[in-house]
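Below are the chains, spelled out letter by letter.
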Amino acid sequence: MPFQRMITLTTDFGITEHYVGAMKGVIYNIHPAAQVVDITNSVQSFDILDGALAISQAYSYFPKDTVHVVVVDPGVGGPRRPLLAIVGEHLFVAPDNGVLSLVYEREERITVRHITSDHYFHQPVSNTFHGRDIFAPVAAYLSKGVETSKFGEEITDYVRFLAPSPKPEGVNAWKGVVLKTDKFGNLITNIRPKDVPQIFDGTAAAFKITVGKAEVTKLVSSYAAGAQGELFAILGSSGFLEIFVNKAAASRLAGADKGSEVGLALM
Amino acid sequence: MPFQRMITLTTDFGITEHYVGAMKGVIYNIHPAAQVVDITNSVQSFDILDGALAISQAYSYFPKDTVHVVVVDPGVGGPRRPLLAIVGEHLFVAPDNGVLSLVYEREERITVRHITSDHYFHQPVSNTFHGRDIFAPVAAYLSKGVETSKFGEEITDYVRFLAPSPKPEGVNAWKGVVLKTDKFGNLITNIRPKDVPQIFDGTAAAFKITVGKAEVTKLVSSYAAGAQGELFAILGSSGFLEIFVNKAAASRLAGADKGSEVGLALM
Amino acid sequence: MPFQRMITLTTDFGITEHYVGAMKGVIYNIHPAAQVVDITNSVQSFDILDGALAISQAYSYFPKDTVHVVVVDPGVGGPRRPLLAIVGEHLFVAPDNGVLSLVYEREERITVRHITSDHYFHQPVSNTFHGRDIFAPVAAYLSKGVETSKFGEEITDYVRFLAPSPKPEGVNAWKGVVLKTDKFGNLITNIRPKDVPQIFDGTAAAFKITVGKAEVTKLVSSYAAGAQGELFAILGSSGFLEIFVNKAAASRLAGADKGSEVGLALM
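Chains as they are written, first to last, in this note's numbering: chain A, 3 to 269; chain B, 3 to 269; chain C, 3 to 269.
Be aware that one or more of the hints could be misleading.
No copy labels: a pair is met if it fits in one copy or bridges any two.
Lysine-lysine pairs mimicking BS3-like chemistry, simulated, CA-CA at most 30 Å apart [to be verified]:
hint, residue 1, residue 2
1, K249, K260
2, K210, K152
3, K152, K215
4, K185, K249
5, K146, K260
6, K260, K220
No lab work stands behind these hints: they were computed from the structure.
Chain A extracted, bound-state conformation:
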C-alpha cells in the first residue's frame, strides 16, 4: 500500500446541508483511496472554543501522522490565514483563529506554516467556503504524502488563546463556567484536577458546587454510582469536572447549560 495519512474532519458545517459532502468530494477527487473520518461536524456554529474542545479531546487517539481538518471559520474570506500546524505527532489544517489552541496546550513540539501554495487549492477559491476550496484539498494532498514544507512558510505569530480556567474567588473558592452540555445532559465545566486538586484527591473534607439552581456536594467515580434523580460531580473522560445525574439530564435538573456560571467552594 502506498504512503497514506488518515484524514479527520471537525467542523461546524452540520450534517443537514451538502457542505461536508462537498469537502469529502474534493478530497476523494484528489485522492480516491483517502481514508476520511468524521470527528464531529456539529460544532456550535461560529464557536471557536467549542471546536477547540472537540479536536483537543479526540486527535490524540488517532494514528500518528493523521491530518486533522478543523474548520470553524467565521472569518472566512477575511484576512485570517489558513494554517498547516505540525503539533506533536499530528498534522492540522485550520484557519488561524485559535481553534487549535487546546491542541497546542497539550504538546511541546509545534511548527506552524501559513498555507500559501494555491496550486493545491480547489479553483476558483470562493470567499465563503474555504473548507471546500482550501482546507479539504490541502488535506487531500497531505494524505497522499506531500511534504508539509511545500504548503507555505513557517510563522510564529499564529493566534493562540488560553483555555478558560476557573478564577479564584477569595479563600478556597473558585468561579468557573459550563463549557458545554453533552448529548446526555452532562454539564462539562472548565475545572480540571490541576485547578483544584483537593476535591479530586480526597484531601478536601467537603465541597459545594453551585450551578444553575443546584448545589452539588458529592463526587463519585462512575455515573452508575450516582443515586438516581440526584446531581453528582465526577471527573469525566475529557479530564474536566462534570455535573451529572444517573440516567438523566443534569442540565435539565440543574437548570443550567453552556455558559452557566459554576461556583466551587471548599468547606
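For this one, chain A is given, so just place chains B and C on it according to the hints.
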C-alpha cells in the same frame, strides 16, 4: 488483502461531541486499515431498548463475521460486565445490560464471553468511557482477526430481556405501545404479525387502532397508498405495525409519541 | 486494485434510526470493499426539492463515475419507477420523482434507464423501503463495475421539474423564496446571478431585499465583511443569493425561514 472483519457502531454517544471520534481513533490506531461503519450514534440516551431495536434491525444486512459495537451503557464503571457475543454469523461487543436481547431473539446459535483480557484495552481504562477504552479496542483487535476465545471465558448468565409484546385485553383486543417515532413521524408500535395475524392476513373483517387522540381503521401496503392527511396502519420495513400519514408526521396528527399506549380491537 | 466506483448517499432517512445502516449493510454485503460516503441523510422528510438541492450542490466535487444514491421517496411502493441516470460523468440511482432535476439542469449528456433487473435487488423487496431493497443493492453492483445497460431499458419520459426561479413583479422587481435555512441560520434564496445580474456585477445603484420583517440593502463578498448584528446579502458558495448575519443566525434576526417570500427591488 489480509483477513479483516468489518466494524459497525451503534451507540447513544451522539454526533455533537468527540465521543464517537475518540472511539474511531482508538480503532484506527490499532488497525489503520479497519472498515468502520456507523449504524447510528443517536440512540436515545441511556435507553437500552432503543439501542436493542436499532442493532436488531440492522446487523443482519452486513457481511457475516462483522463486529458490531453496541454501546448504550448507563452502568459504565459499575459491576456490569463487557461482553463478546457470537450470535448466528455475527460478532457483538456490548455491555451486559440486555442491549443484545433482540439480536439473541433472532438467532439460534449464541455464545457469550465475558471480556476480561485487559491487554486488549486502551490503558488507562476510565470509569466513564468504556466505549473508548474497552469496546472500541476489542473490536479493533477482532477486526484484525484475533480469535474470540482470546478475550475471556464463556458465560451463560448474561442479561436478556423479552421484546415488549402487546398484551391481550379481553376478547379480540390488545394493548401495545409505541416503541419509537422515526424521523418521518411514523409511529412504530410493538405489534408484529405473529401477535395479531388476523389484521395482516386479511381475515379480520375490521379493526380499530387507537393511539393518542386518533383512531385508525385501515391497513394499506405502501405509504403512497394512504390518502393525504389521514392516518393509516402499515406493516413497516422493520416488521412492526406502524401508524403513518402519507408525506406527513403521524406523531403530530395523532398527538402520540414513543411510549404512547396503542389499543387494538378486532370488530 | 480492481475496478471500483465510489458510492455516495443523499437521503431523508435521518441518522437516528437504523435505515441508513441497513442500506450500508446491503451494500457491503454485496461489495465488502465498497467506498461509501454520506452527502447527507438529513434531507427534509418527503421534500423532493430539498433532496434535489443537496445532491445538485455536492455531486460534481466527487470523482467522475461515482454512483450517487439519492432516496427521497414518498412514493415508495406506488407506481413511480426506480431510475439509473447517467448524467455528465456521474451515475445516479433514485426514484423517478424529479429529485435529480437540478442535476439534469447542470449537465448536457443525460441517459436515464428504468431499473427493472430484479436479480440485482435485495429479496424480498418490500413496499416500504426501496432504499434498502433496490437502490442500495443496485449501487453496490454498479460500484463493482456492472455495466449500466444491465439494469434496464432507456426511457425519456422521466420526471423533471424546473428549479424555482424568482418571478418578475413589475419593473425592476422580483419575488423569490427562501429555499432553505442552513445550519448557520443563513437564508438561502432562489435568486441566482443569471436572474438579476445587476446586483451582483455592481451595475445596480441600489437595491432593497425584503424577507420576513427585515430589509437588506447591502451586498458584501465575505461573511466576515458584514458588520455584526446586521443583515447582509452575499453570493453564497452554492451559487444562490443568501441573507446572513456575521456570526449569528439571519433566520432569527429576520424572522424568516424555508418558504418565506423574498422581495427584491432595484432602486
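Here's how the hints hold up against the structure:
1. Taking the shortest alpha-carbon separations for K249 and K260, both the intra-copy value of 20 Å and the inter-copy value of 17 Å come in at or below 30 Å.
2. Taking identical chains as interchangeable, the C-alpha atoms of K210 and K152 are never at most 30 Å apart, the minima being 54 Å within one chain and 46 Å between chains.
3. For the identical chains of this complex, K152 and K215 are neighbours neither inside a copy (54 Å) nor across copies (50 Å), given an alpha-carbon limit of 30 Å.
4. For a Cα distance limit of 30 Å, the shortest separation of K185 from K249 qualifies both inside one copy, at 12 Å, and across copies, at 24 Å.
5. In the homo-oligomer, the alpha carbons of K146 and K260 never lie at most 30 Å apart, since the shortest distance is 39 Å inside one protomer and 40 Å across protomers.
6. Proximity of K260 to K220 under the C-alpha cut-off of 30 Å is restricted to the intra-copy arrangement: shortest distance 22 Å within a copy versus 34 Å between copies.
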